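Q: Order-wise, the sequence lines are chains A and B. Under our numbering, read the first sequence as residues 1 to 190, first letter to last. Under our numbering, read the second sequence as residues 1 to 601, first letter to last.
Treat the hints as calculated values from the structure; they're not laboratory data. This one's a predicted model, so the numbers in the text were calculated from it and none came from an experiment. Beta carbons: idealized from backbone N, C-alpha and C, even for Gly. Incorrect hints may appear among the rest.
Straight-line distance between alpha carbons at most 27 angstroms, and here's what the computed BS3-like set of lysine-lysine pairs gives [claimed, not checked]:
{"hint": "1", "chain 1": "B", "residue 1": "LYS135", "chain 2": "B", "residue 2": "LYS49"}
{"hint": "2", "chain 1": "B", "residue 1": "LYS329", "chain 2": "B", "residue 2": "LYS311"}
{"hint": "3", "chain 1": "A", "residue 1": "LYS173", "chain 2": "B", "residue 2": "LYS49"}
{"hint": "4", "chain 1": "B", "residue 1": "LYS568", "chain 2": "B", "residue 2": "LYS504"}
{"hint": "5", "chain 1": "B", "residue 1": "LYS533", "chain 2": "B", "residue 2": "LYS49"}
{"hint": "6", "chain 1": "B", "residue 1": "LYS302", "chain 2": "B", "residue 2": "LYS135"}
{"hint": "7", "chain 1": "A", "residue 1": "LYS174", "chain 2": "B", "residue 2": "LYS533"}
{"hint": "8", "chain 1": "B", "residue 1": "LYS284", "chain 2": "B", "residue 2": "LYS311"}
{"hint": "9", "chain 1": "B", "residue 1": "LYS445", "chain 2": "B", "residue 2": "LYS414"}
{"hint": "10", "chain 1": "A", "residue 1": "LYS87", "chain 2": "B", "residue 2": "LYS329"}
{"hint": "11", "chain 1": "B", "residue 1": "LYS445", "chain 2": "A", "residue 2": "LYS174"}
{"hint": "12", "chain 1": "B", "residue 1": "LYS49", "chain 2": "B", "residue 2": "LYS184"}
{"hint": "13", "chain 1": "B", "residue 1": "LYS49", "chain 2": "A", "residue 2": "LYS174"}
{"hint": "14", "chain 1": "A", "residue 1": "LYS173", "chain 2": "B", "residue 2": "LYS184"}
{"hint": "15", "chain 1": "B", "residue 1": "LYS284", "chain 2": "B", "residue 2": "LYS329"}
{"hint": "16", "chain 1": "B", "residue 1": "LYS570", "chain 2": "B", "residue 2": "LYS555"}
{"hint": "17", "chain 1": "B", "residue 1": "LYS49", "chain 2": "B", "residue 2": "LYS568"}
{"hint": "18", "chain 1": "B", "residue 1": "LYS311", "chain 2": "B", "residue 2": "LYS135"}
{"hint": "19", "chain 1": "A", "residue 1": "LYS173", "chain 2": "B", "residue 2": "LYS329"}
{"hint": "20", "chain 1": "B", "residue 1": "LYS567", "chain 2": "B", "residue 2": "LYS548"}
{"hint": "21", "chain 1": "B", "residue 1": "LYS548", "chain 2": "B", "residue 2": "LYS504"}
Chain B residues, not near chain A, derived (Cβ > 10 angstroms throughout) [said to hold, decoys possible]:
{"hint": "22", "residue": "PHE194"}
{"hint": "23", "residue": "GLY475"}
{"hint": "24", "residue": "GLN595"}
Residues from chain B that keep clear of chain A, each with C-beta distances beyond 12 angstroms, as calculated [claimed, not checked]:
{"hint": "25", "residue": "LYS49"}
{"hint": "26", "residue": "PRO52"}
{"hint": "27", "residue": "ASP119"}
{"hint": "28", "residue": "ARG177"}
{"hint": "29", "residue": "LEU306"}
{"hint": "30", "residue": "SER353"}
{"hint": "31", "residue": "ASN444"}
{"hint": "32", "residue": "THR478"}
{"hint": "33", "residue": "ALA485"}
{"hint": "34", "residue": "GLY491"}
{"hint": "35", "residue": "SER499"}
{"hint": "36", "residue": "GLY537"}
{"hint": "37", "residue": "MET541"}
{"hint": "38", "residue": "LYS548"}
Spelled out from the first residue to the last, the chains are:
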Amino acid sequence: MNVSVLLTGVGGQGILLAAKIIALAAKEAGWSVCSNETHGMAQRGGSVRAQIKFGDAAHSPLIMEGGADVLAALEHIEALRCAHYLKRGGLAVVSAQSLVPVTVSSGAAEYPGDVPERLARVFPRLVYRDYAADAAGLGDARLANTIMVGVLSAEIKQIPYETWRRAVELSVKKDFAERNLAAFDFGRGL
Amino acid sequence: MGAEIEEPASVTLLSGNEAIAHSAYASGVGTAFGYPGTPSTEILEELVKFSPLGVYCEWSPNEKVALEAAAGASVAGARSLVTMKLVGLNVAADPLMTLSYTGVCGGLVIVVADDPGQDSSQTEQDTRHYARLAKVPVLEPGNAEEAYDFTAEAFEISERYRCPVILRTTTCVSHSRGLVRERKSPRAANAVAFERNVEQFVPLPVWGRKLRVKVEERLDAQAADAARSALNRVIGAQDSRLGIISHGVTAYHCAEVIPEAAVLKTGWGFPFPDELFISFARGKDRLIVVEEGDPILEEHVKSLGLACEGKGLVPRCGEITPSVIYGVKRRIFPERELPELPAPPPEAQGLPSRPPMLCPGCPHRGMFYALTHFDVVVCGDIGCYSLGVFPPLNRTDTILCMGAGFTMAHGMQKAGEKRPVVGIVGDSTFFHSGITGLLDVVYNKGISTLIVADNRITAMTGHQEHPGTGITLMGEATKQASIEAVARACGIDRIRVCSPYDQKGFTEALREELAAEEPSLIISRAPCPLHVKRRLGPVRMILQDVCKGCGACLKCGCPAIELTGGKKPKINPVACMGCSLCSGICRFGAIVPVQEDVQRR
Ligand code: SF4
Ligand code: SF4
Chain A
1 MNVSVLLTGV GGQGILLAAK IIALAAKEAG WSVCSNETHG MAQRGGSVRA QIKFGDAAHS
61 PLIMEGGADV LAALEHIEAL RCAHYLKRGG LAVVSAQSLV PVTVSSGAAE YPGDVPERLA
121 RVFPRLVYRD YAADAAGLGD ARLANTIMVG VLSAEIKQIP YETWRRAVEL SVKKDFAERN
181 LAAFDFGRGL
Chain B
1 MGAEIEEPAS VTLLSGNEAI AHSAYASGVG TAFGYPGTPS TEILEELVKF SPLGVYCEWS
61 PNEKVALEAA AGASVAGARS LVTMKLVGLN VAADPLMTLS YTGVCGGLVI VVADDPGQDS
121 SQTEQDTRHY ARLAKVPVLE PGNAEEAYDF TAEAFEISER YRCPVILRTT TCVSHSRGLV
181 RERKSPRAAN AVAFERNVEQ FVPLPVWGRK LRVKVEERLD AQAADAARSA LNRVIGAQDS
241 RLGIISHGVT AYHCAEVIPE AAVLKTGWGF PFPDELFISF ARGKDRLIVV EEGDPILEEH
301 VKSLGLACEG KGLVPRCGEI TPSVIYGVKR RIFPERELPE LPAPPPEAQG LPSRPPMLCP
361 GCPHRGMFYA LTHFDVVVCG DIGCYSLGVF PPLNRTDTIL CMGAGFTMAH GMQKAGEKRP
421 VVGIVGDSTF FHSGITGLLD VVYNKGISTL IVADNRITAM TGHQEHPGTG ITLMGEATKQ
481 ASIEAVARAC GIDRIRVCSP YDQKGFTEAL REELAAEEPS LIISRAPCPL HVKRRLGPVR
541 MILQDVCKGC GACLKCGCPA IELTGGKKPK INPVACMGCS LCSGICRFGA IVPVQEDVQR
601 R
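Next comes chain B alone, as it looks inside the complex (with noise of 0.2 angstroms):
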């Protein structure tokens, strides 16, 4: 699906994330990292179809490694990508803030994508208070359109201040579609050639101090330049004296619900335009800043002594989508009676929720299945693992960020905590941030035991490659990174790989482990069936006359064993995709595959 390489045509439909790859690609960018965060993972995965036209794309382990690489590939000369969800940005930070300073030669553009509402997200943060730390100018892209275009202006920016740009696009415009003007022909790569610069390139203190001062320079001429700057405009009934001041896709939700207001679209919003806000200010009899995310532009442009409404009008949490803001419009024109929205009628009341599962033959759920037999405390991680905190499996007691699976196990159990601790990383999550934290229990004599739920993929974000998988974002074989040899070199003696289809096993792994009074490493090893698109054997079916209607093998919460009257489940045959667990579970052998003749697919 989707376009292949083509001669681009004038007008396309993209979505914002496909519309930020073309464009990078049309701006003649040659290199890529990123590590994959709903909502940003596409834009690589589009971008590398440009890899034979001579784009280098890949996924780096994480984020601070993808923000180093694309500074080195910048400072060299090279136009660079970045891509990255919200929580990626705390990661790379550090190179961030100092970047800032020391600056880049070839444009550098790190798209950064929120997640307003927290769709796929552990926090709600807004990257614009990063941009202020950082001091380097955020563009907010609203539509798919607006991606492209802007993408491409962040690479001038960038190059005409000598500094990276942060391009901030939110879970609506990353996944929207609309039409985008695509350029003809792309820019032609900048040519990379390193230049030996120390003053610059090297922050100690005695250049630091100067780079600083630059720094600041720099912000002032990048705040007239943006007053002026076509990606802040005013949409809507120009000449209205109710003035909104918005960003990104939130403007153009509030032209739509309140159309007869002059709307200040902010795509340029820091450094902050304040000629612009002055003048749009002039006239109007009311003024209401209409932010998704913290109150930043609000704070702002009352800091100007600007009269405005904000957050006492707009929620401070979730996302602000046109129906928030009819609640906003609803509470500036009280006189109106304006009517509420429909909610939703009786007869929707009560249906059963939906929530995200471990899929059929995931191979996390035996893993989960096996700890539900111990009295243990589970610091689990970020990934499709995450899911088996719900019930039935109830496996997970703590989830904080990527890598603090092993740690805050360790910390956990330092501290004295009486039952056994057990901390669960992904494969992916492994080489993004979790080896370290290995290091940590070995070298401070935790006992800790480890598990890395490794699927061979990073499966959650929809199945890309990293050092583990022997395979680059560009499609080529590489070298397979070994997570028992890591761990072997980080000094972990006891370390097994137990299928967690194979119950018994496992079960007894975790039993010898668990006692251990060493650290110890169980790698729960099996491939993500969804990835390698495979069947594991013989589809499963409960016979209904040996069934004793026990409900046991409801307890490893597979999704195609299914409970709709009656005590005995039955298992769904299209579903299923024959892992065996649920066999191994039922004690009166009811479970067992179908013959050969009777399976679907």
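Only chain A is shown next, with the shape it has when bound in the complex (with noise of 0.2 angstroms):
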């Protein structure tokens, strides 16, 4: 049996740390792992995606249509496009957060205004909320991927608490272990 998680946000969201974090705690688990990010444009405000998929084998890094055990998204029309990828019957765990793209705010297209009622149509099991404000509110903004991956922690059982501590701690650099720390609990206790 394997587990699949699909990350997604936009290029500058952190989404390859979480990436990280979520592969790392699952080899310490004792799990086989495989994951993969796109680079290539990330950093020019592009769409990122990260799939982690764990389990007895892993074997191809790749998550199909309808294959996904969690969704999680730190913006949420990017959880909207990734929709279909989710499981039937799987989580959806959707930052609150818009960021607009050149083609919005250049006017050529129209980012859409019920975004909240959408991803309820779409998403059984969903759990909204801003992590961003979360994260300023914790003193740094960047640190909405760390609550998030607090966040699936306690949806994925199959990595123990204490596992996920040490994988955050060895993800980061060291001057900021204290703060993800403390972000991942945030998120966790959500």
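Since each chain comes alone in its own frame, lean on the hints to assemble the complex.
A: Shown next, in the form of structure tokens:
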């Protein structure tokens, strides 16, 4: 049995770090694990995806449509874009954040005004909350990704709490460890 | 982030690229050369962490230089690694073809990262063709663990046959992480001492003809070796009567999506392991070749007289993902009436797309914005500045390959294009292959206006040093090549260095140089703010009572300027880099610096 986690967001939001933490946690918990990241244009404001598979034997790092046990998004229209990758009955963790693409700010396209309603229709199991605001509340807006990992950790029961914390610690620079651990615990406690 | 040098643990979680670097170190690599290119860049960025332990690493000016330097290191005895993306091998093809004849002493492994699906590349070329053309082995790892093991094996094969070996990864292999069993202690590096052997290292026809024959003999020996190699193995349902021949990560996708099949995973696919194909085909009711890229295995398997299917079932273009293979499975088993994969829900229809774009504060924006004032043709090039092609700037008309910004402009001007022609290359691209184009313009009396978009770094691939930055890959200070001095030496008299943030000055310079009846060079110089990690000035804001809602500032396409409702845009203070470009564009003086005390960071 494998567990598949799909993460999505916008370049610069820290999706790759979140993916690294989850993959490392799975490894430290003794699972076979593989993960994949989009790099290319990631830093230039494009959509970013990362996928992690772990379990008894994880071979192909890519998740098929309808194959993700959990979908987590740091930007809410990116969650809609990936909605069809979530398994029936899977959990969606979505940050209530709008990042407006240039196509919208230049007037060429429109940003939907009814994202919460759409999310509610598409995801029967939805956790929806503004993790960027939470992160700002913790003193650093960039911690939204770690908060989200904390939220996910409560759903991904195959990995014990202490292992998660170790993975967070190993994945960030020393000076940031304490802050990230606090953000992780905050997310897990939500 | 990431491990510094540490005693390698037994099992680590590495990306394919990191695994190649770790394995190269563990295999006793002495020297490593490359040019940045997605998805290959991280290999040398990881390997350079081992430079304190004696591995020499460099960013070469281009891939041809990298391979030639590695050839020199290798014939002197050192194990050498070369890294590049797929199109880099086009540049390095010349030395590769001959190196196949002259051969190596220390193992020489050329990592070429292909990009099926064209995530970040202009073509989808299949590097296996080059292996056939050059008559050298190609190994194809399918995950990080194999990237590690195959790299070690590639060095062994290279030394066994004294020929270069291509290690072909794909974006999915390079950028996927997996568990890797690392060697505890590295193999000792080879002794370096060049021994003269002109019959080997000088392919004058008299010796070249003999080398040519040896290459064919080598191919036969390697094919037999490959047929026995553990790099080729059967995964999935071993005894199935449904056989799939595949390669790289595609084989793993196949095993996962079609678990009822026996999958011959070719890790050493060329020279073709014929005996293996023949024995695998025995007892199969149906044989399907699932290839990502061109039907190279398929055509060869058919040439052996084995009945098989391939590109009739598998798409020719794009990444062959598990979803694509699921589509293949539905075609293999129509009688099973497998359901279609879930499609995006109606709620996901019509979402605004999120194309990549120039960052807030990017110096290229000012350069392109100034160009919007002129009726010119712009031949662009490969780099962040490729993004100048998109609206609202729309200021690039052609892109071909590294260096072609200058040369295409020259050809177009010579052909008699009525409008002035502008050629743009980046600073890293200038040193990669822009200089010869510049020479062409001057020597042949062209009058194009050439621009070097000089942001002082190789930005697109994640900020690598180059000959103009004054720092080496190993972090040492070095001589800084001067673009203007090079241009002057080539014979350009009209050279100007302009700040792209100074719109007045830049536009004026353009006006004069476009009118000049001789070649001119404008160096658009300002460091990439993402690299220097510095605000350029105070964050700007739009005074809503002064703003007339004319939309002029939106024309520069800065992502920090947002129009979310109404007619009057706002500036996102977290995103703004304070470059002041927009302030200069607003005719009403509505865009002003935010007071120091309300700045966010
Ligand atoms: S990385 Fe630098 S050069 Fe590239 S788009 Fe961003 S600011 Fe411009
Ligand atoms: S000053 Fe204007 S153009 Fe420059 S980054 Fe800020 S909003 Fe963008």
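Q: Hint by hint, note whether the structure agrees.
A: Checked hints:
Under the criterion of a C-alpha separation no larger than 27 angstroms, the hint pairing LYS135/B with LYS49/B is inconsistent with the structure, at around 33 angstroms. Our distance criterion of 27 angstroms between C-alpha atoms is met by LYS329/B and LYS311/B, whose separation comes to about 13 angstroms. Distance hint between LYS173/A and LYS49/B is fulfilled; the C-alpha atoms sit about 16 angstroms from each other, no more than 27 angstroms. Between LYS568/B and LYS504/B, the direct Cα distance comes to roughly 25 angstroms. Compliance with the 27 angstroms bound is thereby established for this hinted pair.
With a C-alpha separation of about 22 angstroms, the suggested pair LYS533/B and LYS49/B falls inside the 27 angstroms cut-off, and the hint holds. Between the alpha carbons of LYS302/B and LYS135/B the distance comes to roughly 20 angstroms, so the proposed pair stays at or under 27 angstroms and holds. Between LYS174/A and LYS533/B, the direct Cα distance comes to roughly 20 angstroms. Compliance with the 27 angstroms bound is thereby established for this hinted pair. For a cut-off of 27 angstroms, the pair hint linking LYS284/B to LYS311/B stands: about 19 angstroms separates their Cα positions.
Annotation: proposed proximity of LYS445/B to LYS414/B holds, straight-line Cα distance about 9 angstroms (limit 27 angstroms). For the given pair, LYS87/A sits about 20 angstroms from LYS329/B by alpha-carbon distance, which is consistent with the 27 angstroms threshold. Between LYS445/B and LYS174/A the alpha-carbon distance is near 58 angstroms, which puts this suggested pair outside the 27 angstroms criterion. With a C-alpha separation of about 17 angstroms, the suggested pairing of LYS49/B with LYS184/B holds against the 27 angstroms cut-off.
The suggested pairing of LYS49/B with LYS174/A holds, with an alpha-carbon distance near 18 angstroms, which does not exceed 27 angstroms. Under the criterion of a C-alpha separation no larger than 27 angstroms, the hint pairing LYS173/A with LYS184/B is consistent with the structure, at around 25 angstroms. The straight-line distance between the Cα atoms of LYS284/B and LYS329/B is roughly 17 angstroms, inside the 27 angstroms bound, and the hint therefore holds. For the proposed pair LYS570/B and LYS555/B, the alpha carbon gap of about 14 angstroms is at most 27 angstroms, so the pair holds.
A C-alpha spacing of about 49 angstroms is found between LYS49/B and LYS568/B, which places the hinted pair above 27 angstroms, so the restraint is violated. Taking the CA atoms of LYS311/B and LYS135/B, the gap is about 24 angstroms. The hint holds against a cut of 27 angstroms. Restraint check for LYS173/A and LYS329/B: not satisfied, since their Cα atoms lie roughly 45 angstroms apart, outside the 27 angstroms limit. Distance hint between LYS567/B and LYS548/B is fulfilled; the C-alpha atoms sit about 8 angstroms from each other, no more than 27 angstroms.
Taking the CA atoms of LYS548/B and LYS504/B, the gap is near 22 angstroms; set against the 27 angstroms cutoff, the hint holds. With a cut of 10 angstroms on Cβ distances, PHE194/B stays outside the contact zone with chain A, its closest approach being about 39 angstroms. Taking the minimum C-beta to C-beta distance to chain A, about 18 angstroms, the non-interface status of GLY475/B holds against the 10 angstroms cut. GLN595/B, annotated as away from the interface, keeps every beta carbon of chain A farther than 10 angstroms; the closest lies near 21 angstroms.
In this structure LYS49/B is separated from chain A by more than 12 angstroms, as the shortest Cβ-Cβ distance comes to about 15 angstroms. Its beta-carbon lying about 20 angstroms from the closest one in chain A, PRO52/B satisfies the requirement of being farther than 12 angstroms from that chain. Not every CB of chain A is more than 12 angstroms from the CB of ASP119/B (nearest about 5 angstroms), against its label as outside the interface. Listed as outside the interface, ARG177/B is inconsistent with that label: its C-beta sits roughly 5 angstroms from the nearest C-beta of chain A, within the 12 angstroms cut-off.
For LEU306/B, the shortest C-beta to C-beta distance to chain A comes to about 26 angstroms, beyond the 12 angstroms cut-off, and the non-interface label holds. For SER353/B, the non-interface assignment is contradicted: its Cβ lies about 5 angstroms from the closest Cβ of chain A, within the 12 angstroms cut-off. Even its closest Cβ contact with chain A, about 36 angstroms, leaves ASN444/B beyond 12 angstroms, as expected for a residue assigned away from the interface. Remark: the non-interface label on THR478/B is consistent with the geometry, its nearest Cβ contact in chain A lying 26 angstroms away (cut-off 12 angstroms).
Taking the minimum C-beta to C-beta distance to chain A, about 31 angstroms, the non-interface status of ALA485/B holds against the 12 angstroms cut. No Cβ of chain A approaches the Cβ of GLY491/B within 12 angstroms, the least distance being about 36 angstroms, so the stated non-interface status holds. Against chain A, the non-interface label of SER499/B holds: every CB pair exceeds 12 angstroms, the least being about 22 angstroms. The claim that GLY537/B lies off the interface holds: its Cβ sits roughly 21 angstroms from the closest Cβ of chain A, which is beyond the 12 angstroms cut-off.
For MET541/B, the requirement that its beta carbon stay farther than 12 angstroms from each beta carbon of chain A is met, with the minimum near 16 angstroms. At the 12 angstroms boundary, the C-beta of LYS548/B stays outside the reach of chain A, the nearest C-beta of that chain being 16 angstroms off.
When the structure is compared with the earlier hints, violations turn up for hints 1, 11, 17, 19, 27, 28, 30 and for no others.
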